[in-house]
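**Student:** Place chain B on chain A using the hints.
2 protein chains.
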Amino acid sequence: MNVLITGGTGFIGKQIAARLLKQGQMQIDGKNQEINKIILFDAFAGEEIPQHQKIQVVTGDITDKNTLETLLSDIDIVWHLAAVVSSAAEADFDLGMQVNLYGLLNILDILRHQKRHVRFIFASGCAVFGGELPDIVNDQTVVTPSSSYGMQKAVCELLVADYSRKGFIDGRVLRLPTIVVRPGKPNKAASTFFSSIIREPLKGETAICPVQADTPVFITSPRRCVDAMLHAASLPAKRLGNKRIIPLPGLTVTVADMLQALEQVAGPEAVELVQWQEDESIQRIVQSWPAYIDAPYAESLGFQADANFSEIIQSHIQDHPHMPSTVEV
Amino acid sequence: MNVLITGGTGFIGKQIAARLLKQGQMQIDGKNQEINKIILFDAFAGEEIPQHQKIQVVTGDITDKNTLETLLSDIDIVWHLAAVVSSAAEADFDLGMQVNLYGLLNILDILRHQKRHVRFIFASGCAVFGGELPDIVNDQTVVTPSSSYGMQKAVCELLVADYSRKGFIDGRVLRLPTIVVRPGKPNKAASTFFSSIIREPLKGETAICPVQADTPVFITSPRRCVDAMLHAASLPAKRLGNKRIIPLPGLTVTVADMLQALEQVAGPEAVELVQWQEDESIQRIVQSWPAYIDAPYAESLGFQADANFSEIIQSHIQDHPHMPSTVEV
Chain A
1 MNVLITGGTG
11 FIGKQIAARL
21 LKQGQMQIDG
31 KNQEINKIIL
41 FDAFAGEEIP
51 QHQKIQVVTG
61 DITDKNTLET
71 LLSDIDIVWH
81 LAAVVSSAAE
91 ADFDLGMQVN
101 LYGLLNILDI
111 LRHQKRHVRF
121 IFASGCAVFG
131 GELPDIVNDQ
141 TVVTPSSSYG
151 MQKAVCELLV
161 ADYSRKGFID
171 GRVLRLPTIV
181 VRPGKPNKAA
191 STFFSSIIRE
201 PLKGETAICP
211 VQADTPVFIT
221 SPRRCVDAML
231 HAASLPAKRL
241 GNKRIIPLPG
251 LTVTVADMLQ
261 ALEQVAGPEA
271 VELVQWQEDE
281 SIQRIVQSWP
291 AYIDAPYAES
301 LGFQADANFS
311 EIIQSHIQDH
321 PHMPSTVEV
Chain B
1001 MNVLITGGTG
1011 FIGKQIAARL
1021 LKQGQMQIDG
1031 KNQEINKIIL
1041 FDAFAGEEIP
1051 QHQKIQVVTG
1061 DITDKNTLET
1071 LLSDIDIVWH
1081 LAAVVSSAAE
1091 ADFDLGMQVN
1101 LYGLLNILDI
1111 LRHQKRHVRF
1121 IFASGCAVFG
1131 GELPDIVNDQ
1141 TVVTPSSSYG
1151 MQKAVCELLV
1161 ADYSRKGFID
1171 GRVLRLPTIV
1181 VRPGKPNKAA
1191 STFFSSIIRE
1201 PLKGETAICP
1211 VQADTPVFIT
1221 SPRRCVDAML
1231 HAASLPAKRL
1241 GNKRIIPLPG
1251 LTVTVADMLQ
1261 ALEQVAGPEA
1271 VELVQWQEDE
1281 SIQRIVQSWP
1291 AYIDAPYAES
1301 LGFQADANFS
1311 EIIQSHIQDH
1321 PHMPSTVEV
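Residue numbers (my numbering), protein chains in the order written: chain A, 1 to 329; chain B, 1001 to 1329.
Isolated chain A (complex conformation) (with noise of 0.2 Å):
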């Protein structure tokens, strides 16, 4: 079978990837299917791209529906991952819209006339809340986007879930917890700092902390990020009849939770590297997130939530060992 993961050339994608080279199948309603050619699509050409016959690294434009056409023509599972983030789409609206709302539609489109009723995973995230929230949010919260982006994931949600419902695609939207520690550098994303104040530590630099100590957040490691994306691709779709959006389990920690694991794991000059310089802009985002997330229908379909932060820095420095750092794993 044919794969290919938009945003590819992102740390998640190039993950799945990695992931898939290294099973060279997947299981698929219950049979084992080869894999035949992994597609990385995304804007930028990427780095640290795993090197392989199977995988082909194409640069180009979401919003161009021909290069969609060319790409889709012959892809059995999609992953698509591709997005504006958060701050970005919300400082340039029509960029925003493009990419996440008008790329979506187009690939949607492009499948839903190929009719081969292709799996097509899709990465939303807690974007999707915002404003007044109850003190834990479930299955059931009615979502209120504070952000463009989060209302692009949200409406993209529905569309994934009617086109499923339709048997145009057989989707599977996962929405996500902040990604915590996501490797490489920082970006746009207003949630960047909470994997700059271990990632760096760990490397010797300094970062900056822009919220207070006790502030919560709901996240999840990139490997079990990953082990979501495979687990979603593999469900049989009778599983998940029409109910085809699924918030994640993760974990909850505070800053101050996330410092004093590093400490256990890289000792206290790790994190005296971490500086505090409160941006008030940054705090009042944060905290429109939801950070206390009960996520049953997934547990019920066998994603599984970090156990805690100190496994999530130790997976940290194993998948990115080339990293200097003050301890030895």
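No wet-lab data here; the hints were simulated from the structure.
Think of the CB as a built atom: it goes at the ideal place given N, C-alpha and C, for glycine as much as any other residue.
Be aware that a few hints might be false.
Restraint ranges, calculated between C-beta atoms of paired labels, are given here [to be verified]:
#1 A:Gln51 with B:Asn1242: 44 to 52 Å
#2 A:Arg284 with B:Gln1212: 51 to 59 Å
#3 B:Pro1186 with A:Gly167: 22 to 30 Å
The calculated DSS-like cross-link candidates involving lysine-lysine, where the alpha carbons are at most 30 Å apart (straight line), are [said to hold, decoys possible]:
#4 A:Lys54 with A:Lys37
#5 B:Lys1022 with B:Lys1185
#6 B:Lys1065 with A:Lys65
#7 B:Lys1115 with A:Lys166
#8 B:Lys1243 with A:Lys188
#9 A:Lys188 with B:Lys1115
#10 A:Lys37 with A:Lys238
**Tutor:** Here is chain B on its own, set in the frame of chain A:
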């Protein structure tokens, strides 16, 4: 001020226009604004259009952006009622997407670039709900559309809310109950019989009821619907803040309740004109809609439900006195 009503030659559009003509003005942000022009835009020329120099009927295609740009050039308030109804949008997916989703996206895009912060009232509906629902739906119930029409309405709600949050428009979304008694002829909506079983017997004609007598439905009369449309337009933006989606209150009645009221108003001979011919498909669709809805947000804003079904029948007869009726009014 200049008004555009899309789907304007439909019965709600015509009644809004008639009400605006009668008032001559609207109170907007504490000021009385004179109504100078009312454009009824629709795919159909319609019948019984209010005749007045201020009223223009324009027929055209709502998916044509050039048409919309011309129409919207000097408009201050839009009531966006145009839609492909539920059964039709389910049968012709492309048509539903083009009219119900892209039609709205085009209008929003034009209004955004005009930068005039146009007041925009959007007619959504209870079709955003479906499948497993709580016994009583309320403002906090997550949308779960089980039709493409419902998905399109749910998506448009989110779009109007976000365009309003960004200050591109001043939007107000009304999530309408089923409208009963609709005047005129049956349409392609699965709910159309709820009106037929009252309207046709009042004219001495037979009507078919495809559901069981104990089937409940959540309704509003055309009068209350038009009241809500005008009230929504006159609410100050600051009373709404970012809460732009307003699920409206309504009246829950069973088919049996409706026919009992019909008997009170028009005698047992009217009720005998209703023929029972169960249609499982319609029964299933109607049962997927929420029958009991609490709407505290709308009520806090001054929206009101009908008092009882007898009044709804009486107001139907008053508003359509030219129809032969078995009772004197």
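**Student:** Could you tell me which of the numbered hints above are not met by this structure, giving the numbers in increasing order?
**Tutor:** Failing hint: just 7.
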